[in-house]
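I would like the entire structure built from these sequences, with the hints used as guidance.
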Amino acid sequence: MADPIFGISITRVDNEARPAVASDMSIVGIVGTAPAANADTFPLNTPVFMYSDDAAKLLALGATGTIPDALSGINAQLGEFAVSAKVVIIRVEEGADYDATAINLIGSEAERSGLFALLDAGPVCGVIPRLVCVPGYTSQQRGGLSTLTLGVQGKNLTEAPTIAFSGGGDNPNRVMPTAHAVLGTGADADKVTSLVIDSAGSNLSGLLTVTFSGGGDDPAKELPTASAAIEVLANPICAALPTILNRILAHAVVDGPATTLQAYKDWRETINSERLIPLETAVKVGTDAVVKPGSSRVIGIAVRRDHEKNGRPFHSWANQPVQGIVGPNRPINFSLTDGATEGQEILLANGGVIVRGEMGVESAIAAGGFVYIGTDNAGQDDLWRFYNVTRGRDFIHLMFLRTLRFYLGKFNLTGQTIQAVLNTMNFALRDLKAEGDIIDYKIGFTRDQNSPEELRLGRFKVDFAAEEAPVLRYLGIRSARYRPALDALLNDLLAQIDVAA
Numbered sequence: 005m006a007d008p009i010f011g012i013s014i015t016r017v018d019n020e021a022r023p024a025v026a027s028d029m030s031i032v033g034i035v036g037t038a039p040a041a042n043a044d045t046f047p048l049n050t051p052v053f054m055y056s057d058d059a060a061k062l063l064a065l066g067a068t069g070t071i072p073d074a075l076s077g078i079n080a081q082l083g084e085f086a087v088s089a090k091v092v093i094i095r096v097e098e099g100a101d102y103d104a105t106a107i108n109l110i111g112s113e114a115e116r117s118g119l120f121a122l123l124d125a126g127p128v129c130g131v132i133p134r135l136v137c138v139p140g141y142t143s144q145q146r147g148g149l150s151t152l153t154l155g156v157q158g159k160n161l162t163e164a165p166t167i168a169f170s171g172g173g174d175n176p177n178r179v180m181p182t183a184h185a186v187l188g189t190g191a192d193a194d195k196v197t198s199l200v201i202d203s204a205g206s207n208l209s210g211l212l213t214v215t216f217s218g219g220g221d222d223p224a225k226e227l228p229t230a231s232a233a234i235e236v237l238a239n240p241i242c243a244a245l246p247t248i249l250n251r252i253l254a255h256a257v258v259d260g261p262a263t264t265l266q267a268y269k270d271w272r273e274t275i276n277s278e279r280l281i282p283l284e285t286a287v288k289v290g291t292d293a294v295v296k297p298g299s300s301r302v303i304g305i306a307v308r309r310d311h312e313k314n315g316r317p318f319h320s321w322a323n324q325p326v327q328g329i330v331g332p333n334r335p336i337n338f339s340l341t342d343g344a345t346e347g348q349e350i351l352l353a354n355g356g357v358i359v360r361g362e363m364g365v366e367s368a369i370a371a372g373g374f375v376y377i378g379t380d381n382a383g384q385d386d387l388w389r390f391y392n393v394t395r396g397r398d399f400i401h402l403m404f405l406r407t408l409r410f411y412l413g414k415f416n417l418t419g420q421t422i423q424a425v426l427n428t429m430n431f432a433l434r435d436l437k438a439e440g441d442i443i444d445y446k447i448g449f450t451r452d453q454n455s456p457e458e459l460r461l462g463r464f465k466v467d468f469a470a471e472e473a474p475v476l477r478y479l480g481i482r483s484a485r486y487r488p489a490l491d492a493l494l495n496d497l498l499a500q501i502d503v504a505a
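Quick note on numbering: my numbering labels position 306 of the sequence shown as 310, and the sequence is numbered without any gaps.
FYI, nobody ran anything at the bench for these hints, they're computed from the structure. Treat the hints with care, since some could be wrong.
Said to hold, decoys possible - Below, computed lysine-lysine pairings styled on DSS-like, alpha-carbon distance capped at 30 Å:
id: 1; residue 1: 465; residue 2: 414
id: 2; residue 1: 313; residue 2: 90
id: 3; residue 1: 313; residue 2: 446
id: 4; residue 1: 437; residue 2: 313
id: 5; residue 1: 225; residue 2: 195
id: 6; residue 1: 61; residue 2: 313
id: 7; residue 1: 446; residue 2: 414
id: 8; residue 1: 90; residue 2: 61
What the hints assert, rightly or not - Derived DEER-like restraints, expressed as beta-carbon distance ranges:
id: 9; residue 1: 60; residue 2: 334; range: 32 to 40 Å
id: 10; residue 1: 482; residue 2: 388; range: 27 to 35 Å
id: 11; residue 1: 273; residue 2: 337; range: 18 to 26 Å
id: 12; residue 1: 341; residue 2: 373; range: 15 to 23 Å
id: 13; residue 1: 200; residue 2: 250; range: 28 to 36 Å
id: 14; residue 1: 337; residue 2: 491; range: 40 to 48 Å
id: 15; residue 1: 388; residue 2: 200; range: 35 to 43 Å
id: 16; residue 1: 84; residue 2: 151; range: 54 to 62 Å
Predicted, not measured: the structure shown is a model, and the values here were computed from it. Even glycine gets a Cβ: it sits at the ideal position worked out from N, Cα and C.
Here it is, written out as structure tokens:
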């Protein structure tokens with residue numbers, strides 16, 4: 005279109021800073037079972053978006069499995085003016101036992117099934133879950149054979165002896181390991197020189213006894229001896245989650261054993277990811293006080309807190325009431341003033357707990373109800389210890405992605421364009437600082453990171469630093485006497501005497 009010879013031309017100038025576009029960090033992803041679900045509404049291994057109060061879809065899910073209870077737990081935590089939560093459901097087939105179901109929950113990346121179906125939530129549902137739970141399947145651990153140490157090698161063996169195992173605890177679901185012996189060569193041809201573990205077994209504990217049989221027909225043969233050590237293996241769901249959470253920038257609340265402090269510590273030692281948020285406590289619900297996973301309740305608290313803060317995930321969920329339960333699955337001793345309590349020990353190991361309020365006990369977390377306490381993720385870097393900090397940084401990164409993509413390809417790399425980008429970033433972080441989400445920030449660029457050769461390729465690098473506000477979890481009060489008050493008292497008395505005189 006050519007400009008008129010005689011007329012008016014209007015050109016829109018679009019080089020201003022852009023308003024920040026935030027991502028929804030409160031969308032929940034539930035991977036679980038619902039055997040009675042309508043297969044047309046909730047096909048297996050397929051992301052299905054729903055609002056948590058959608059009556060038709062709740063009815064289509066049925067009442068059995070882990071997904072219906074998870075939705076109920078989330079809905080019970082919603083706060084004022086919140087009608088429902090946004091949820092992506094991944095339904096998997098419930099197996100005959102834990103192992104069979106866990107295999108389905110983990111799924112296959114090639115088939116995009118189980119947990120890997122979360123990766124398709126964006127294309128299929130138009131939303132990406134950033135709060136994930138796999139209720140009921142993250143606490144189980146498998147004890148398996150870790151080492152098999154050869155003792156006496158034996159002698160006069162004409163064939164490799166057979167290895168058998170016994171013991172390994174009293175779990176009715178235990179599976180014995182398998183192994184085989186290897187004979188040597190040359191001078192050691194009649195001796196066992198090594199032992200090879202074929203399978204580690206599962207659900208083992210305590211002492212595992214190793215016995216040998218066979219070894220040939222030589223009447224002078226002596227069978228070898230060996231000792232076995234059992235290792236408690238990580239939960240397979242917890243092991244599979246981090247890689248998926250990293251790819252969608254999500255966090256998962258994972259249920260621990262909820263039995264004893266030692267069991268929690270043993271479980272905690274097997275996970276290491278700043279995207280996993282450990283929870284020690286299960287909950288009791290309903291008139292029959294049925295024990296259910298607590299993870300969905302904590303996820304519901306997260307949704308409530310995000311809603312209270314206008315969708316910004318920079319705030320902790322700690323010291324928040326847990327609604328819709330009749331109690332934690334077990335009492336956990338907790339005191340605000342004594343670190344030598346079970347609750348404080350769990351917090352020290354980065355876990356979250358649900359404790360009962362105590363009327364008239366000043367060192368309790370509350371006077372009544374049930375309260376969630378937990379601030380940490382399961383990562384190893386104390387710089388990123390708090391989940392509100394790691395979620396907040398995800399929020400900032402996603403905000404920049406959604407906002408700054410506008411400039412790509414539409415503008416040439418000029419001083420004006422770079423200034424618009426810097427202003428856009430500055431205004432976005434300025435608003436977060438004003439809300440108390442971050443303490444302060446800095447934006448700029450360095451010459452050594454932006455050579456003329458890089459600029460010619462259309463590449464420019466910007467630096468930003470921000471300090472997310474840490475959660476207040478310890479308040480030290482120094483208590484002392486105040487002598488100047490007595491000086492003031494004496495001065496007042498002297499003044500009164502002078503007046504009376």
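**Asked** Does the Cβ pair residue 200, residue 250 satisfy 28 to 36 Å?
**Response** Given range 28 to 36 Å: holds, Cβ gap about 35 Å.
**Message:** Quick check on a hinted range of 18 to 26 Å for residue 273 and residue 337, using CB atoms only.
**Reply:** At roughly 22 Å between Cβ atoms, residue 337 and residue 273 fall inside 18 to 26 Å, so the hint holds.
**Request:** With respect to the beta-carbon atoms only, verify the hint that residue 60 and residue 334 lie 32 to 40 Å apart.
**Result:** Hint holds: Cβ distance 37 Å, inside 32 to 40 Å.
**Item:** 30 Å Cα cutoff - pair residue 313, residue 90
**Value:** 17 Å, holds
**Asked** Is 27 to 35 Å right for how far apart the beta carbons of residue 482 and residue 388 are?
**Response** Holds, at about 30 Å.
**Prompt:** Holds or violated: residue 225 with residue 195, Cα cutoff 30 Å?
**Reply:** At roughly 10 Å apart (the allowed maximum being 30 Å), residue 195 and residue 225 satisfy the hint.
**Request:** Take the C-alpha atoms of residue 465 and residue 414, compute the straight-line distance between them, and say whether it is at most 30 Å.
**Result:** Distance ~17 Å between residue 465 and residue 414 Cα, so the pair holds.
**Request:** Measure nothing beyond the straight line between the CA atoms of residue 313 and residue 446; if it is 30 Å or shorter, mark the hint as holding.
**Result:** 23 Å, holds
**Request:** For the range 54 to 62 Å, tell me whether the beta carbons of residue 84 and residue 151 fit it or not.
**Result:** 56 Å, holds
**Request:** With 40 to 48 Å as the target window, see if residue 337 and residue 491 comply at their CB atoms.
**Result:** Cβ of residue 337 to Cβ of residue 491: about 45 Å, so the range 40 to 48 Å holds.
**Message:** With the threshold set at 30 Å, check whether the alpha-carbon distance from residue 61 to residue 313 stays at or below it.
**Reply:** Holds, at roughly 28 Å.
**Item:** residue 90 paired with residue 61 [C-alpha distance capped at 30 Å]
**Value:** 13 Å, holds
In this structure, every one of the numbered hints holds.
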